[in-house]
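**Q** In this note's numbering, the protein residues as written are 1 to 285.
If you are wondering where the hints come from, they were derived from the structure by calculation, not from laboratory data.
Errors might be hidden in some of the hints.
Below, a list of computed lysine-lysine pairs in the DSBU-like style, where the Cα atoms sit at most 35 Å apart [as the list claims (entries may be wrong)]:
#, residue 1, residue 2
1, LYS212, LYS109
2, LYS212, LYS198
3, LYS175, LYS190
4, LYS126, LYS61
5, LYS218, LYS198
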Amino acid sequence: MSLLIVLLSIATAVILISLGAMPYIQDALASWRMKRDREITTQLDALFYEGRNRDLSKILKFYYALPVILGVTGLVVYQNLIGLFAGAIIGLFIPSLLLRMKDAQRRMKFDGQILNAIMIMSSSLKGGLSLLQALEVVAEEMPAPMSQEISLVVGENKMGVPLEEALKHLNNRMKLSELTLLINSILVAKGTGGDLTKVFSRLSTTIRDNRKLRDSIKTLTMQGRMQGIIMSALPFIFIWWVFTFNRNHFDIMLQSDTGRMLIFVGIFLQVVGMVLIRRFSTIRI
């Protein structure tokens with residue numbers, strides 16, 4: 001009887017504490033959600049996501065629903081809490097990973113448009129336009145994302161931001177080596193009174209030479225990168241092949257301390273080998 005009273009007292013205390021802490025928990029969750037919503041909105045704004053004002057609520061629901069869906073799926077498939085937590089964690093990271101991939105694709109596309117933008121600006125300057133007018137021509141003639149970013153630069157300038165500062169903001173947003181070279185060249189030429197048309201001509205030649213060198217390096221290191229991919233995949237192919245014919249083949253390794261230690265050492269050395277092969281086959285210019 002006394003044990004029952006103690007259990008009831010503990011249960012009552014837990015309920016009361018939970019009820020008392022519920023407002024604080026709700027406030028913390030609401031604060032976290034508002035912060036998360038601002039972060040997602042900022043990322044979408046940086047990507048110039050079309051229709052974001054119309055579809056933002058759907059995107060936010062996707063962020064919050066995916067961890068729940070994958071968590072429940074993991075619980076149903078594996079029928080344990082490990083599957084639940086693994087699915088929920090994967091669901092938390094997938095939207096951010098997709099946004100990062102989209103951002104990387106956008107930066108790559110922007111990088112491929114830099115040379116054409118330089119040629120348009122050079123032609124505009126030769127036609128008697130100012131640098132700002134040349135940027136307006138780029139914003140009108142070039143496709144996205146170049147037109148979007150340059151339009152933002154022109155818009156900032158019209159709102160009172162100096163052109164030099166607007167170009168620096170562009171450089172901070174995109175963080176591309178060729179764009180940094182272009183903006184620094186423009187700033188130096190404006191500061192020293194240099195001829196921008198000659199600067200653009202030399203700059204386009206430099207960028208073309210750098211791209212040719214980069215392509216040559218990729219070709220020369222192709223064999224090393226392919227070897228790295230093959231050597232990284234071989235252990236997994238071997239394990240799959242052995243399991244196909246004999247699922248108990250590795251029991252002696254998994255059931256002894258020495259075997260488990262050797263497996264751990266093998267995985268560690270495999271990762272080290274993959275990193276070293278990648279480092280040796282990568283040349284930065």
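**Q** For every hint, state whether the structure bears it out.
**A** So, going through the hints one by one against the coordinates:
1. LYS212 to LYS109: Holds, at roughly 18 Å.
2. LYS212 to LYS198: 21 Å, holds
3. LYS175 to LYS190: 21 Å, holds
4. LYS126 to LYS61: At roughly 51 Å apart (the allowed maximum being 35 Å), LYS61 and LYS126 break the hint.
5. LYS218 to LYS198: 30 Å, holds
When held up to the earlier numbered hints, the structure conflicts with hint 4 and nothing else.
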